[in-house]
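What follows is each chain in one-letter form.
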Amino acid sequence: MRISTNTIYQLSTSQMSALQEKISQTSQQASTGKKVMTPQDDPVGSAKLLEAKQAITMNDQYSVNRNALKYTIGIANVALNGIQDTMQSMNEQIVNLGNGTLSSSNRQSIALTLQSHLDHLVSLSNTKDAAGHYIFSGYKSDTASINASTYAYGGDANNALIQVDSSTQLGLGVNANSMFSSGFLAQVKTSINTLSNAASTDAQIATAISDLSTAFNASQITVNAAQVTLGTSENRLTSMDSIGSERALAYKDAVSSLEDVDYNKVLSDLARQQLQLQVAQKTFTQISNLSIFNYIK
Amino acid sequence: MADILSIAQSGLHAAQAGINTTGQNIANVSTPGYSRQVVEQQPSPSVQYGLTSIGQGTNVTGIHRIYSEFLAAQANTARTTSSNLATQSAEMQPINNLLTDSSSGLSTAVLDFFNKLQNLSSKPSDTSSRQTVISASQNLVARFNDAQKQLTNVNSGLNIQIKDSVTKINEAASQIASLNQQIAVSQTSRGGSNVNGLLDQRDQVVANLSKQIKLTVNEQDGNYNVMIGNGVPLVLAFNTYKLETVASKTDPTRLNVTHTPNGGAEVDVSDVLLGGSLGGIFDFRKNILNPTQNTIGQIILAITSDINAVNKTGLKANGMLGGNIFTQPASLATPYTTNSGTGGISITITDTNLLTNSDYILEKTGAGDSYNLTRVSDGVNVYSNSALASITNAGFSLSINAGAVSSGDQFLLRPTYSGASSYSVTATINDIATAAAGTSMQPNPVVAPAPGDNSNVLAMLAKQTSLVMNGGLSSYQDTLGGLISTVGNKSAELKATSAYADQWQQSSSVAMENYSGINLEEEAANLLRYQQAYQASGTVLQMARQMFDSVLNIMR
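Residue numbers (this note's numbering), protein chains in the order written: chain A, 1386 to 1682; chain B, 4 to 559.
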């Protein structure tokens, strides 16, 4: 077959430039460590990569949300532990009151102690977070949970939920209204008033003590229930955390398998392509030196 | 005896012609489009010599070029295809890079916006959380505006290339017509003189033209008649019918190409100018750039519409219902420049879930309130002879915003594309309606919601993972992912077919080159051959002179 001189040069140069392009691509992969450079390089992989990165980002965000809720639960736990301790001390005073031989001054001093416990309960119920929001007021985070003079609940019945994983919304789930049995704090105050009044009749005192005792027992149950609620939420969050970090690992593995290069393969490709180019260059110089003109003298 | 002198002389002439032609071939070894030339020789007619006849030497009857029209046509076709695909493949690159998220950040901006809403959901009244939501909204629209701007720049680049390509086509047309003329003149005035150079030049112009556009060449009376695209006449003998660039009648930001045939009216030929790099630009603009612009527009339109809608159903801290967080630009509805009426059309987006990434053509079909709506992507007639107000199923409604629309008037509707106008965020931190409005839409008197009420933020967040686009089939990220894989696939396909076409083009050029091109070894051999022929004829001449001398010596 007849071959023109230009063809020889053209074919050699186009072959060499194709090899050079390959080497440039391979060395780019080697230096960046990434396989997928643009959607063109791996259309399906690029779309999957987008999905995986979205999953990672959302997973991370859920973890941020869980930490925010855990922080609030932590503050709430501290408050509830304080409430529990205070209730314990109140219980001792209530047992003392049951002792029928108390003098009027004894009763008045117990009433004073109960008042300080009541104040402490109100103060713990009005716990705020670092940003100054009342945590036991439902949505009404700007209103004191318990009014210090009427002992009425100032919040609402709502539970502010946040997204804590892809399918769960969770909130604190406890407010100052559900924490105590209905009218407990007001009842404590009423009983204190009766106990500290020297003019109170024995019958009035007996009623005050019995009403106090009934309300107290009911509230012990609700305070316990609130602690259980918080504990349960905390456990759920912790378990979500471990699921979340397992997911994060899985997503990161997926991303890595989509975009990270296999260095063994890349480096051996690079060595092979370099060798091919060297051979092509040597062949080209040798062939282009062959000519009859070398012999026409 | 005198005959031997002229025979030797004719041999010297022929050998000289051979050496000259070989020299010409060697000199043009790397001239593009040069076809090797060979000397055509015939023995001179013999004359009666005694009882027999003897030849009178040799005659150079012509120098012709080795050229195959068939191989040239094949190479041109391959060149047209290869250049078409290479152009599209090259144009894909900016879009391909744009959709690599590290450079545009479209997906990251969407994720970040919703992350900031998540943070707000745990601190709904917190000023800094609100501020970060506003900043993330601004970043979101900035990323999408920027992407649209880059695509608009791609379109401007295409306009420049269209102009450039049309200039090249017109120049080639002039050159072919002028070469037609020069060849005809040379052949008649100098009686079939050597026009090989001119023929090569003309074929080379055609070869270059075949990069720009698909063409067919018909040779008639030695002239090339050239048709481009799907049968648009460009050159007929000595006459040219040139192309012109004009702004598209449906989108003034785009250049189209018109052609005025002999004695005819100017027509837009953009749709029939197939093949080559010019055809590639039109294909790319229609099949890739346009849908990409529309899909990116569709995503940001859906996000901003959905968030605005949710914000409007919530309560702000001051107890008032929320308004828009995002300000959206108007969708483009362009009246054709050929319309006889003066009316304009406004598009109002009604349901982003029903939108597609297609453009639509609206045509008034009668004197009354009667319109056709055609979806451009698949040519489906969505509405036929319908009242304007009844057009509701495509996710938008239409109204006449000024003047009157005449029967036959047409409009190009691009619901998801807003051209150069961009999205913005005018809301400030107090405009975010974090709380639910409840059952009574707006309390009267106005009551500020509880500051911890985050339920409306949760309603916004629910949009992120819901299937709220393409008729409930995809989420925002799904649509973006779909765009990425569509562009990636198209891009990879173009790269592969372009590489294949390039090989085809190379091998057909090589076939032509191997047939018509110079082989220096061959020329070196010819050089030796003609040199020896020259020397031999010289020896004949010398011998004839010696014989003549010896006869003269006898006479002394």
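There may be inaccurate statements among the hints.
[Claimed, not checked] Straight-line C-alpha distance at most 25 angstroms; calculated DSS-like pairs for lysine-lysine: (1) Lys1433/A with Lys466/B; (2) Lys498/B with Lys1419/A; (3) Lys1438/A with Lys166/B.
[As the list claims (entries may be wrong)] Among the chain A residues that face chain B by a calculated CB cut under 7 angstroms, a handful are: (4) Gln1425; (5) Ser1431; (6) Ala1440; (7) Lys1455; (8) Tyr1456; (9) Gly1459; (10) Asn1466; (11) Gly1467; (12) Asn1544; (13) Ile1547.
[Unchecked claim] Quick look at which bits of chain A chain B covers, simulated, 3 or more residues with Cβ under 8 angstroms: (14) 1388-1400; (15) 1415-1424; (16) 1563-1571; (17) 1651-1664.
Hints are computed from structural coordinates only; laboratory data are not their basis.
Treat the numbers as computed from the prediction; the structure is a model and nothing was measured.
Ideal placement from N, C-alpha and C gives every residue a C-beta, glycine not left out.
Can the hint on tyrosine 1456/A be confirmed by a CB-to-CB distance to chain B that is less than 7 angstroms?
-> violated, 9 angstroms
With 7 angstroms as the cut and Cβ atoms as the points, is isoleucine 1547/A at the interface with chain B?
-> holds, 5 angstroms
Below or equal to 25 angstroms on CA atoms is what counts here, so check lysine 498/B against lysine 1419/A.
-> Given that 25 angstroms is the threshold and the Cα spacing comes to 20 angstroms, the pair holds.
Residue hint alanine 1440/A, partner chain B, criterion CB-CB below 7 angstroms | violated, 10 angstroms
Regarding the hint that asparagine 1466/A lies at the interface with chain B, is the smallest CB-CB distance below 7 angstroms?
-> violated, 23 angstroms
Is the interface hint for lysine 1455/A satisfied, with its Cβ closer than 7 angstroms to some Cβ of chain B?
-> Nearest chain B Cβ about 11 angstroms off; hint violated.
Given glycine 1467/A was flagged as interface, is its beta-carbon under 7 angstroms from a beta-carbon of chain B?
-> violated, 22 angstroms
Satisfaction of hint between lysine 466/B and lysine 1433/A, Cα-Cα up to 25 angstroms = holds, 21 angstroms
With a cut-off of 7 angstroms on the beta carbons, see whether glycine 1459/A makes it to chain B.
-> Status violated, d = 14 angstroms.
With chain B as the partner, please determine if serine 1431/A meets the hint condition of a C-beta pair closer than 7 angstroms.
-> holds, 5 angstroms
Verify the proposed pairing of lysine 1438/A with lysine 166/B, using a straight-line Cα cut of 25 angstroms.
-> This hinted pair is violated, its Cα atoms lying about 42 angstroms apart.
Do three or more residues of the segment 1651-1664 of chain A come closer than 8 angstroms to chain B, measuring C-beta to C-beta?
-> violated (count 0)
Of the numbered hints listed earlier, those contradicted by the structure are 3, 6, 7, 8, 9, 10, 11, 12, 16 and 17.
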